[in-house]
Amino acid sequence: MPAKVRIPTPLMKLTDNKNEVSAEGDNIAAILNNLESQFPGIKDRICEENGTPRRFINIYLNEEDIRFLDAENTAVKDGDEISIIPAIAGGVA
Amino acid sequence: MDFTDEQIERYSRHIILPEVGGVGQAKMLSARVLLIGAGGLGSPAAYYLAAAGIGHMGLVDFDVVDLSNLQRQIIHSTERIGQLKTESAKKTIQALNPDVQVTVFNERLDSKNIMRIFEGYDYILDGTDNFATRYLINDACVMTGKTNIHGSIFRFEGQATVFKPKVGPCYRCLYPEPPPPGLVPNCQEGGVLGALAGVIGNLQAVETLKMVLGIGNPLIGTLLLYDALNTEFRRLKLKKDPNCPVCSDSPTITELIDYEEFCGI
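Protein chains in written order, with our numbering: chain A, 1 to 93; chain B, 1 to 265.
Okay, chain A solo, but in the shape it has when bound (with noise of 0.2 Å):
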């Protein structure tokens, strides 16, 4: 059973409208690529060129921050959840 990863609104127009897809990978490195094979240039929006997330996205893996875990290098389990979440400014005045 793969991964179920979290897809924050910005980036649903890469996952044709879909909030939530599954993505296979040990880590949170291979589930990145793994979801560039499927969403083609989804990685690029989440990740700089190294391949770290970028500073205004954060990537938890169930309730928990990567960046206090092991960052990319964070490994995944069958039935995780994986989310992205970046900032979002808006009050809308």
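Read the hints as simulated data drawn from the structure, not as lab findings. It should be emphasised that the depicted structure is a prediction, and the values quoted were computed from it without experimental measurement. Please note that a few of the clues may not be correct.
Each computed EDC-like pair below joins lysine to aspartate or glutamate, with the alpha-carbon atoms no more than 16 Å apart [to be verified]: (1) 18/A <-> 227/B; (2) 240/B <-> 64/A; (3) 240/B <-> 63/A; (4) 237/B <-> 81/A; (5) 237/B <-> 63/A; (6) 43/A <-> 24/A; (7) 4/A <-> 20/A; (8) 237/B <-> 64/A; (9) 27/B <-> 122/B; (10) 239/B <-> 63/A; (11) 146/B <-> 122/B; (12) 239/B <-> 64/A.
Computed from the model, here is a short list of chain A residues facing chain B with C-beta under 7 Å [unchecked claim]: (13) 9; (14) 55; (15) 56; (16) 60; (17) 63; (18) 64; (19) 68; (20) 87; (21) 88; (22) 89.
For each residue, glycine too, the CB sits at the ideal point set by N, CA and C.
Using the hints, position chain B against chain A.
Showing chain B alone in chain A's frame:
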């Protein structure tokens, strides 16, 4: 604090709550809350904080009421189109509850005026619509030790949390720097379900009241996500970043920064 008969009646549904009581109501009446933005988030938050009897409210906004605001900015009204949002909000608040003293700041927040405006307020409710102001508010809150009650919305999604300096993380612990223009949705891609602003703005009001009353578990160190389309709330853990540029033991940002404002959501 001695309540008048009218206050006892007005706040009776608070006072009979054991967690609030007369003591809690007195705390609310002496609390000082600054709301930044009298827009989508600030409208419901200000309305409920006024109803609760928050004694001193400051309102910061430089904009005027526009017809397109009224789909969500419920503190204003059709007849107030063209009026300053701060003045319009003040009228609504005072009509609702004359106990509330309102101070208006018809200014765009920047590094030069923020410390003067923050003076005298204990809680800062961030209902702004741009990254430049959010980072400015965060840094000023860290520097002054004020609690930042944070909410943001985009289309059908909202986020809320509480940043309490020293106790929990700050906005830069989450996102060290604002995104560059072009990598986040721009305002043409914006749009928001009006009632979503009510959900998140009211969460901010509830968190503010909990902090004032000192009850329950506030959203410190927790990011609450609300997905309106799927009717789903989720909680993520937020941690203090030991290398945070502003709230760590050896900060690299020690002065307020005016980032270039751009239309990014």
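Could you work out which of the previously given hints the structure breaks and list their numbers from low to high? none
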